[in-house]
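**Q** Sequence:
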Amino acid sequence: MIRLQLPSERATADWSRLIQLFLLCGAISGPLAVLVITIDGFLRPGYSPISQVVSDLGVGPHAWILNTTLVVSGQLSTLFAFGFFQAMRPWIGRRRLLASTALLLLTGTGIVDSGLCTEYRPVHMLSFCVAFGGLSIVLWLIGLHLRKDRAWRGYGWYSLISSLVLALLILT
Numbered sequence: 000m001i002r003l004q005l006p007s008e009r010a011t012a013d014w015s016r017l018i019q020l021f022l023l024c025g026a027i028s029g030p031l032a033v034l035v036i037t038i039d040g041f042l043r044p045g046y047s048p049i050s051q052v053v054s055d056l057g058v059g060p061h062a063w064i065l066n067t068t069l070v071v072s073g074q075l076s077t078l079f080a081f082g083f084f085q086a087m088r089p090w091i092g093r094r095r096l097l098a099s100t101a102l103l104l105l106t107g108t109g110i111v112d113s114g115l116c117t118e119y120r121p122v123h124m125l126s127f128c129v130a131f132g133g134l135s136i137v138l139w140l141i142g143l144h145l146r147k148d149r150a151w152r153g154y155g156w157y158s159l160i161s162s163l164v165l166a167l168l169i170l171t
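In terms of numbering that gives the first Met the number 0, the sequence shown opens at residue 0 and continues consecutively.
FYI, nobody ran anything at the bench for these hints, they're computed from the structure. Do not take every clue at face value.
Stated by the list, open to error - Ranges between beta-carbon positions, derived for each pair:
{"hint": "1", "residue 1": "P30", "residue 2": "L170", "range": "21 to 31 Å"}
{"hint": "2", "residue 1": "A98", "residue 2": "P60", "range": "12 to 22 Å"}
{"hint": "3", "residue 1": "G153", "residue 2": "P60", "range": "38 to 48 Å"}
{"hint": "4", "residue 1": "M124", "residue 2": "I38", "range": "31 to 41 Å"}
{"hint": "5", "residue 1": "V58", "residue 2": "G153", "range": "22 to 32 Å"}
All C-beta atoms in this analysis are idealised placements derived from N, C-alpha and C, irrespective of residue type, glycine included.
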């Protein structure tokens with residue numbers, strides 16, 4: 000005999016809190032990484048954010064600071080992708096949601112890989128392109144969709160502008 004297991008209110012509340020936690024992971028991932036990278040840059044003698052890339056902080060005696068930050072930030076971004084998928088299901092069609100979630104997962108994975116593969120430049124650069132190229136594309140996809148909905152229009156435009164700014168920063 001098969002029993003139908005209906006979710007209890009507690010299980011539903013726990014699931015809702017978990018989704019909120021995953022969304023919070025995405026909200027803190029970027030600012031946390033920027034904060035740690037900024038502090039690391041100030042503490043690194045001779046480092047110039049004007050003439051050097053952030054990846055230069057990933058080699059040398061204190062490389063673990065940047066590398067650990069990238070791994071943690073990437074993991075937080077990956078958790079966000081799962082929360083995004085669950086939270087946006089009512090507003091985004093299945094195909095676009097799956098594509099967006101896949102790109103968000105690639106972004107998180109690329110950031111983690113950038114923190115793990117610092118010494119082998121081709122893999123590190125590929126990881127960077129996957130992470131930030133994927134992020135730029137997903138921001139564009141989501142922005143196009145959200146701006147059609149009156150309630151989400153502001154977020155849609157914000158996503159589109161962020162996508163363009165990110166793409167310009169990558170290309171320059």
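**Q** It remains to establish, for every hint, whether it holds in the given structure.
**A** For each hint, the structure was consulted:
no., hint, result
1, P30 with L170: 21 to 31 Å, "holds, 24 Å"
2, A98 with P60: 12 to 22 Å, "violated, 42 Å"
3, G153 with P60: 38 to 48 Å, "holds, 45 Å"
4, M124 with I38: 31 to 41 Å, "violated, 25 Å"
5, V58 with G153: 22 to 32 Å, "violated, 41 Å"
The structure fails to meet hints 2, 4 and 5 from the earlier list, while all remaining hints are met.
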